[in-house]
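Trainee: As a plain string of letters, each chain reads:
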Amino acid sequence: MARVQLVRIAHARSGDKGDTANVGLSALKPELYPILAQQVTAERVQKHFSGICFGKVERFELPNLGALNFLLHESLDGGGTLSLKADAQGKTYSAALLRMEIEVPDGLLLKDPVSS
Amino acid sequence: MVRIANGQGFWGDSLEAPLEQIRRGPIDYLTLDYLAEVTMSILQKQRSRDPKSGYARDFVDMVARGGADILERDIKIVANAGGVNPNACRTAVSKALGRSGVKIAVVAGDDISDRLDELLESGVELKSMDTGEPLSTVRDRVQSANVYFGAAPIAEALGMGAQFVITGRCTDTGLVLGPMIHEFGWSLNDWDKLAAGTIAGHTVECGAQCTGGNCQVNWDTIPDFADIGYPIVEATPDGNFAITKHQGTGGRVTVASVKEQLLYEMGDPHEYITPDCVADFTTIHLEQDGPDRVRFSGIKGRPATNMYKVSISYSAGFKAIGMLAYSWPDAYRKAQAADRILRKRLDNLGLKFEAVRAEFVGVNACHGPLAGEPPPDIAEVALRFGVRSNDRAAVERFTKEIAPLALNGPPVVTGLGSGRPKVEEIVAYWPALIPKSCVTPQISVEES
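Residue numbers (our numbering), protein chains in the order written: chain A, 1 to 116; chain B, 1001 to 1448.
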């Protein structure tokens, strides 16, 4: 087993709805999805985003797409035009989630990280 | 097969994208989204100053530039550019086309701002979908109220022979689904097909965000961003479709690029609720079908609800943001010191704010506590300092406290050329639900 940052095995996209940010997490290859589903739990994501997300975290599964969707409630300082945040729409939260580390069996690791 | 292109993902998107979609290859429909959440309030203000305005002028400019090609190629245009004055938009488009006999439809009836009190009295509470509070808490500050219509009125307008369909507020997905319903004669109860069209609409509604824009996978090998192709739906009557872009344009359409957009602004994927149907994103099957083409199949949907969503905007105070950049050496420590000094000065002035926020650009403005400590020799750090208050005078006074720090605070600082911050009126968004029985779309077709 190895500790690996999600950025090596997944990609993500984040958006907003009011004061809630959504972060969709997608496995870079289908065979990586089960480990994401097993380890990237709502509780772990909540812990990862402490200091950013002040409400609950919900998780939804899209096994057809090898993806998970997380809703981070109360994470945008009110959201929209109310927010004083530089990233009022949580557009960089996708990458923030990819900083998280999980345990991956050695055989599943990709050789190269996503970026060049 | 019908080709439905998207040329505008939001108000403020590329001015060239619609024209490129028209000119770089064959399309049957061009769909355009000009309304962000609080755009209606801005357009209301415009209309109160000038009764002939209140619509997205960029759309008329586009028609002026691309009209000849649109007509020659017989492309149908579906846009929510009407804003709060779709009839005036039609008049302007008619003039911009410079040709008579073109059928232009307006879908109106979405504006319920005149009916709010009547609705509240009849028991329609218009509670916030975010907080559950009744609209009465902000009633005297409401600036606009518009119902999100879906695909059905657009399909009906196309059925009346319209080549241009101009709507007020409607869902982005409806702009794409409407043409499909019209072309393929889909029943408004065929939930699986309506869900497919809805998902096609969601995929293309943000323009290039599915064709390689904002895509994390091998972003630096995506060809020719400067000429990125906006997306095209290749739709067929059975509800299956493909997403692609014009040959020879930049960008990259892959399962990865499309998946990222599918996850964007997503709540519960089992129930993506629109006026037309409830789409189930967990039924989508994706397959790469050669370069820059992804096929969608297997999509299932469920019946629509009996409610429309309403977008209401209301005044919610004022805010202002100032920025100051500190350079090496000790850039972060100096920016942090400036933050403390500024807070103390505002305190000394007796100014009270509902919210005060300092972020350090180059360190943690994006990722907050996840960013960790910056390297001590970081080249530059910008302090981004914002305040929010119902008291405009307090926010105004704050704006005058940024510039002095260039001379009377920590050293080696620049204002980044931005001058004194501006006080912004906050127009906030109040999403609510209304029974469909309360509102009826009004469709009219006129010839230019």
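It is worth saying that the hints were derived from the structure and are not from the lab.
In this text, all values refer to a predicted model and were calculated from it rather than measured experimentally.
Ideal Cβ positions, reconstructed from N, Cα and C, are used throughout, including at glycine.
Please note that a few of the clues may not be correct.
[Unchecked claim] Listed next, the stretches of chain B that the computed footprint assigns to chain A, with coverage defined by at least 3 CB atoms under 8 Å from CB atoms of chain A: (1) 1149–1155; (2) 1306–1312.
[Unchecked claim] One side of the interface only, derived from the structure: several residues of chain B facing chain A at Cβ under 8 Å: (3) Glu-1037; (4) Asp-1050; (5) Pro-1051; (6) Val-1217; (7) Lys-1319; (8) Tyr-1429.
Trainee: Would you mind marking each hint as holding or not holding in the structure?
Mentor: For each hint, the structure was consulted:
{"no.": "1", "hint": "1149–1155", "in the structure": "violated (count 0)"}
{"no.": "2", "hint": "1306–1312", "in the structure": "violated (count 0)"}
{"no.": "3", "hint": "Glu-1037", "in the structure": "holds, 6 Å"}
{"no.": "4", "hint": "Asp-1050", "in the structure": "violated, 24 Å"}
{"no.": "5", "hint": "Pro-1051", "in the structure": "violated, 26 Å"}
{"no.": "6", "hint": "Val-1217", "in the structure": "holds, 5 Å"}
{"no.": "7", "hint": "Lys-1319", "in the structure": "holds, 6 Å"}
{"no.": "8", "hint": "Tyr-1429", "in the structure": "holds, 5 Å"}
Checked against the numbered hints given earlier, the structure breaks hints 1, 2, 4 and 5 and satisfies all the rest.
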